[in-house]
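One-letter residues, chain by chain:
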Amino acid sequence: MTIVEPILTFFFYAIVAIAAQNAIFTRALGVSRLVKIVDDGSVELFKFGALLTAVQLISSLLSFFAGRALMGLALPYKSAFLPLVLVLCSAIAFFIVLLILVLPKKRALAKDYVTLLPMATFNCSILGTLLLTSTGGYTLLQSLGFSLGSAVGYVLAVVLVNEGQRKIQNRGLPATFRGLPITLIYIGILALAIYGFSGHTPAI
Amino acid sequence: MKQDEKNHLPRHADFAQNSDMLFALFPLAFMAVYLYGLRPALMLVLAFFTASVCDFFVAKLRSQRYDASENSSLVFAALFTLMLPATASYAIVVTGVVVAVLVGKHAFGGAGNYPFHPAALGYAVVTVSWPQQIFRYPTPFTHVGLWDTSAASLEDASSHILRTGGVPNIPSLDLTLGNYAGPMGTTFVLVIVAVALYLLLRHRISVELPLAFLATSALISVLFPRVATAGTFELVKYELLSGALLYTAVFLLCEPSTAPKNRLARVVYGVLTGFLTMMFRYYGAYELGVCFALLLANAFSGYLDRVCSKAAFQRRSKSL
Amino acid sequence: MKQENSNYLINNMDRLMQRDRIFLNNPVFMQGLGLAPIVVAATTLHNALVLGLGVLLLLTPTRLVAAMVCRGRWPRFRGVAYALTAAVVYIGVWFAENALFGVGMQTVGLYLPLLVVEPIILKRYERTQPERLGTAVRKGLVTTFGFLLALLLVAALRELLGAGTLLGYAVASRPVLPMAQLVSGGFILVGVLAAAWRWMRNLIKRVVSMEANLK
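Chains P, X and U, in that order, give the protein sequences. The first sequence begins at 3 in the working numbering and counts up one residue at a time. The second sequence begins at 113 in the working numbering and counts up one residue at a time. The third sequence begins at 105 in the working numbering and counts up one residue at a time.
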């Protein structure tokens with residue numbers, strides 16, 4: 003019994019982060035990056051997704067302890083230093099993942115991943131999720147679950163929008179709507195559908 | 113002769129399909145007028161007018177000829193308006209139609225190019241913007257008022273009662289004839305079934321898609337009933353006949369531009385939409401969640417088509 | 105328009121359009137940067153002022169300091185350098201915002217600290233060429249003003265359409281479209297504005313080329 007409940011909590015927060023509080027559709031975290039990826043078409047989604055998830059989980063773990071440490075300090079204006087602490091956490095996660103990629107000697111395989119790594123790290127969805135879990139007072143398990151869900155939700159959103167673009171671009175789109183405008187409208191309509199489920203905007 | 117050719121555009125390819133849809137919606141509009149007075153007729157006229165103005169405006173903007181035989185906007189206007197309560201303000205009608213036609217249809221490239229159903233989009237936008245107005249329906253055969261509807265007697269629809277854990281109590285005769293509070297054009301079960309048969313015969317809608325959708329919804333409401341105290345048959349009856357479910361199955365689901373083309377894909381799409389609709393009904397924020405569920409399912413229809421066509425192709429090439 | 109002016113414009117049209125970061129190549133409507141705060145948080149003019157001040161104080165100093173720090177030695181770590189620089193500059197920005205707005209900062213929630221990794225601030229790290237300091241300042245200021253223009257426009261429209269007010273003062277009797285203040289409304293509105301921007305850009309291109317060809 004004692005092991006089932008933490009697992010359920012973990013997955014519950016993960017599912018919430020994927021569906022009802024999707025990083026893109028409810029909070030637009032990382033939308034600029036998504037639009038560029040969808041427009042570009044050359045970014046490999048699985049590699050990007052794997053990197054994003056790895057960085058998110060590692061930085062979430064680090065930020066849980068770092069955030070707790072920051073809140074424990076007697077400084078008066080902590081909010082000003084929170085982004086710095088969190089960016090440091092994601093930078094450390096960046097280096098950890100870089101080391102993991104570079105240490106085994108398969109240079110050719112790692113090259114793609116290494117090029118994608120900065121894009122997967124300095125991303126609004128990473129910092130946004132870290133901010134949410136640290137200011138929201140989540141426990142370690144909740145943070146990790148939410149972070150996993152957030153990364154997976156982001157990748158799902160990219161896949162969904164990419165799929166939609168495939169359908170749209172084959173048809174007679176007006177020239178002024180090509181690219182950014184129609185992608186945003188597409189995301190907006192999906193965001194509307196998800197809003198119909200939750201019925202309220204989650205706290206920002 | 114040449115002048116004549118220049119002035120006459122050939123009829124748009126979808127003209128027959130859309131005209132059939134409008135023809136099928138006419139009995140519903142007629143029943144709405146019978147139940148609620150002249151106001152539904154006025155709302156429909158306003159909706160048609162707004163849709164035509166939007167079409168004309170876009171044609172001018174894109175420096176194209178305004179093709180009056182391209183009447184899909186009229187279909188969307190009618191579909192959207194018939195989902196509103198008869199007391200919805202004219203501003204709501206206009207806003208919904210404008211969003212449906214301009215954003216839902218023309219932004220994506222016009223007739224046949226849109227991935228989301230414009231009428232569902234219009235309804236979703238209007239629900240999210242004015243939820244208090246959308247879910248209060250006038251009692252049939254009471255005075256609704258043409259311009260000022262503040263004196264109308266409003267009540268909650270059966271979808272609301274199901275949401276709050278109760279079972280609606282509507283006599284069977286009223287249920288089939290549509291004599292109960294609900295969205296303007298969606299309560300007339302008998303009429304909807306009749307026009308569905310008409311559309312089926314004319315090959316305007318497919319058979320597998322609505323069936324898969326309704327079967328999934330019924331199955332979910334049987335296996336996981338919302339209201340524990342009701343009998344199964346009662347509950348399924350009310351679930352299927354509330355919240356514009358049947359109306360959506362017949363009119364909104366099979367829109368050729370948004371639904372998959374492959375047969376297997378259609379069945380999967382129907383099951384998916386049914387599942388999503390019940391999820392939105394059970395756990396969602398609005399009692400009429402089928403339009404939101406439809407928008408979400410529309411995003412998957414292209415993917416389903418691709419996957420199922422590939423599967424069918426592989427099966428066929430294996431058997432060769 | 106004089107002959108040589110229009111000829112010059114035609115010949116360098118694309119390059120000029122690329123460089124104009126305020127109107128013709130607006131960072132938000134044309135390049136798609138800075139969308140997260142605009143779509144979610146820019147629902148009222150007050151929020152726009154909070155975010156605008158943040159970007160104003162964050163973008164140019166970050167770009168300048170990062171250009172000084174990244175002199176081309178380890179191109180792979182430019183992202184880290186830019187992000188850390190932004191986070192450090194943010195400390196100053198936070199104090200400025202707190203002094204000016206106080207508790208009013210809470211209305212934008214996490215979108216103010218989020219600016220630290222927003223592509224509009226950090227974008228330059230993707231190009232490995234080290235940036236000259238003067239260019240950093242110039243481009244930073246120009247991008248800032250392009251962003252501010254888009255931000256204020258969208259926020260004003262959303263507040264007007266969604267609540268019928270401007271900066272809290274009632275302007276319209278009734279909101280035209282309450283959805284404009286939601287995230288989905290924000291996406292759709294920015295998408296439509298981006299399309300309108302492209303349309304105007306094409307119009308200007310056509311007018312200039314007509315002027316050039318007339319003579």
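Worth flagging that the hints you see were computed from the coordinates, not collected in a lab. Please note that the accuracy of each hint is not assured.
DSS-like mimics (lysine-lysine), calculated; alpha carbons at most 25 Å apart, straight line [to be verified]:
no. : chain 1 : residue 1 : chain 2 : residue 2
1   : P       : LYS38     : P       : LYS113
2   : P       : LYS113    : P       : LYS49
3   : U       : LYS309    : X       : LYS172
4   : P       : LYS38     : U       : LYS227
Label pairs and their computed distance ranges (CB to CB) [stated by the list, open to error]:
no. : chain 1 : residue 1 : chain 2 : residue 2 : range
5   : X       : TYR310    : U       : ASN306    : 42 to 48 Å
6   : U       : ARG242    : P       : LEU105    : 55 to 61 Å
7   : P       : LEU47     : X       : ALA424    : 52 to 58 Å
A short list of chain P residues far from chain U (calculated; beta carbon distances all over 10 Å) [as the list claims (entries may be wrong)]:
no. : residue
8   : VAL45
9   : PHE67
10  : ALA82
11  : ALA177
A virtual CB, placed ideally from N, CA and C, is assigned to each residue, including glycine.
To see whether the hints hold, each was checked on the structure:
{"no.": "1", "hint": "LYS38(P) x LYS113(P)", "result": "holds, 21 Å"}
{"no.": "2", "hint": "LYS113(P) x LYS49(P)", "result": "holds, 11 Å"}
{"no.": "3", "hint": "LYS309(U) x LYS172(X)", "result": "holds, 20 Å"}
{"no.": "4", "hint": "LYS38(P) x LYS227(U)", "result": "holds, 12 Å"}
{"no.": "5", "hint": "TYR310(X) x ASN306(U): 42 to 48 Å", "result": "holds, 46 Å"}
{"no.": "6", "hint": "ARG242(U) x LEU105(P): 55 to 61 Å", "result": "violated, 42 Å"}
{"no.": "7", "hint": "LEU47(P) x ALA424(X): 52 to 58 Å", "result": "violated, 26 Å"}
{"no.": "8", "hint": "VAL45", "result": "holds, 13 Å"}
{"no.": "9", "hint": "PHE67", "result": "holds, 18 Å"}
{"no.": "10", "hint": "ALA82", "result": "violated, 4 Å"}
{"no.": "11", "hint": "ALA177", "result": "violated, 8 Å"}
Checked against the numbered hints given earlier, this structure breaks hints 6, 7, 10, 11; the rest are met.
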